[in-house]
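Engineer: This is what each chain is made of:
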Amino acid sequence: MASLRAIAPAMTTRIAMAALAASLAACSAPAGPKISARDGWARETGGPMAAAYVTVENQGGADQLTSVRSSIGTATLHESSMAGGVMRMRPIDPREGLVVPSNGKLVLAPGGAHVMIGGLKHSLRAGDRFKLTLLFAKARPQKVDITVQPAAGQ
Amino acid sequence: MKTARIILWVTVAAAAIALGALYLRLHRAAEAPTQPAAQVSFGGPFTLVDSKGQPFASSRLAGRPYAIFFGFTHCPDVCPTTLARLTKLRRQLGSDTAFSIVFVTVDPERDGPAEVGSYAELFGSPVIGLTGSPDQIARVKKQYGIFSEKVGSGETYTVDHTATVLLFDKSGEFQSTISPDEGDAPALAKLRRLTNS
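Chains as they are written, first to last, in the working numbering: chain H, 1 to 154; chain A, 1 to 197.
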């Protein structure tokens with residue numbers, strides 16, 4: 001009996017702490033992402049591969065852009081990087097994706113993360129338009145318009 | 001109490017050491033040279049193949065400064081960005097003939113004359129696209145200090161490669177370089193110096 005009385009308060013404390021932890025977790029649970037995509041463009045192509053760029057904005061909790069799809073070819077996420085003057089291009093692991101920060105944005109731009117499109121049915125000419133579907137870890141897929149821009153820099 | 005104070009001081013000391021190490025590392029990274037020194041010599045005569053499949057001797061570049069860039073046509077991001085920037089800067093100098101822009105493939109297996117030709121034509125301003133046999137390309141890469149390495153297999157492999165643009169004056173002497181992560185203003189200043197020399 002004596003031992004039971006000793007255990008009981010400890011149990012109560014533990015339950016109370018568990019309840020507190022649960023309520024704290026509920027309070028700090030991140031809000032869902034609120035994603036929109038804009039400024040989609042691609043460069044005219046003179047080769048078999050195209051690159052497309054887009055800005056993903058997020059007015060909610062953090063998310064990851066995990067993959068991309070396009071009807072004009074096989075689209076994948078890639079990242080270019082420079083080290084010691086050497087350019088490297090690597091596919092983005094879909095399990096990791098590209099982080100879309102909470103209340104921030106992910107910018108795909110030349111020389112960094114970009115959408116690579118291979119297996120093009122025809123080359124892209126300035127003024128062409130197509131759609132790209134962005135897939136996220138949490139948010140629903142987003143469609144974004146891509147406009148093809150002249151390759152000659154402005 | 002005493003133990004707690006000792007632990008606290010040890011933590012503070014460890015944090016200070018970590019911060020110091022981080023500072024040194026960042027400082028060194030910022031100072032690390034990323035460009036070859038100007039006195040290093042690159043270039044020399046070569047013969048490659050042009051977009052019509054004809055031999056192209058480097059002597060055809062003589063008399064005008066040139067910017068040479070190595071890349072490959074399956075490269076959709078950094079390569080066209082670099083070539084577009086060169087043509088843009090050349091326009092800013094006021095003339096498509098201020099200097100020649102030369103694009104040499106590091107991927108001769110996939111890039112024949114037709115491939116380098118349509119790639120080079122993309123920029124609305126003359127770019128000389130060159131390819132060659134794997135041996136010819138290997139030799140030119142060595143002359144110009146270019147690193148490249150095939151990554152991946154199958155038809156979708158990519159090629160890691162030096163993305164620095166090399167600048168040569170009208171007598172074929174190496175002058176300087178333009179790095180892809182360098183701003184337009186310093187790049188334009190180098191090109192102006194090159195075309196005025």
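Think of the hints as simulated: they come from the structure by calculation, not from any bench. Quick reminder that beta carbons are idealized off the backbone N, C-alpha and C, glycines included. It is possible that some hints are incorrect.
Computed spacing ranges between beta-carbons, pair by pair [to be verified]: (1) Gly32(H) with Arg139(A): 55 to 61 Å; (2) Gly127(H) with Thr47(A): 38 to 44 Å; (3) Ala83(H) with Arg139(A): 21 to 27 Å; (4) Pro126(A) with Gly127(H): 20 to 26 Å; (5) Arg139(A) with Ala62(H): 47 to 53 Å.
Chain A side only, calculated, beta carbon under 8 Å to chain H, not exhaustive [what the hints assert, rightly or not]: (6) Glu121; (7) Phe123; (8) Gln143; (9) Asp181.
Engineer: Next step is simple, just say for each hint if it's right about the structure.
Structural biologist: Going down the list of hints, with the structure as the test:
1. Gly32(H) with Arg139(A): 55 to 61 Å: holds, 58 Å
2. Gly127(H) with Thr47(A): 38 to 44 Å: holds, 39 Å
3. Ala83(H) with Arg139(A): 21 to 27 Å: About 25 Å separates the Cβ atoms of Ala83(H) and Arg139(A), which means 21 to 27 Å holds.
4. Pro126(A) with Gly127(H): 20 to 26 Å: Given about 23 Å between the Cβ atoms, the range holds.
5. Arg139(A) with Ala62(H): 47 to 53 Å: holds, 50 Å
6. Glu121: holds, 6 Å
7. Phe123: holds, 5 Å
8. Gln143: Since the shortest Cβ distance to chain H is 16 Å, the answer is violated.
9. Asp181: Holds, because the Cβ-Cβ distance from Asp181(A) to chain H comes to roughly 6 Å (cut-off 8 Å).
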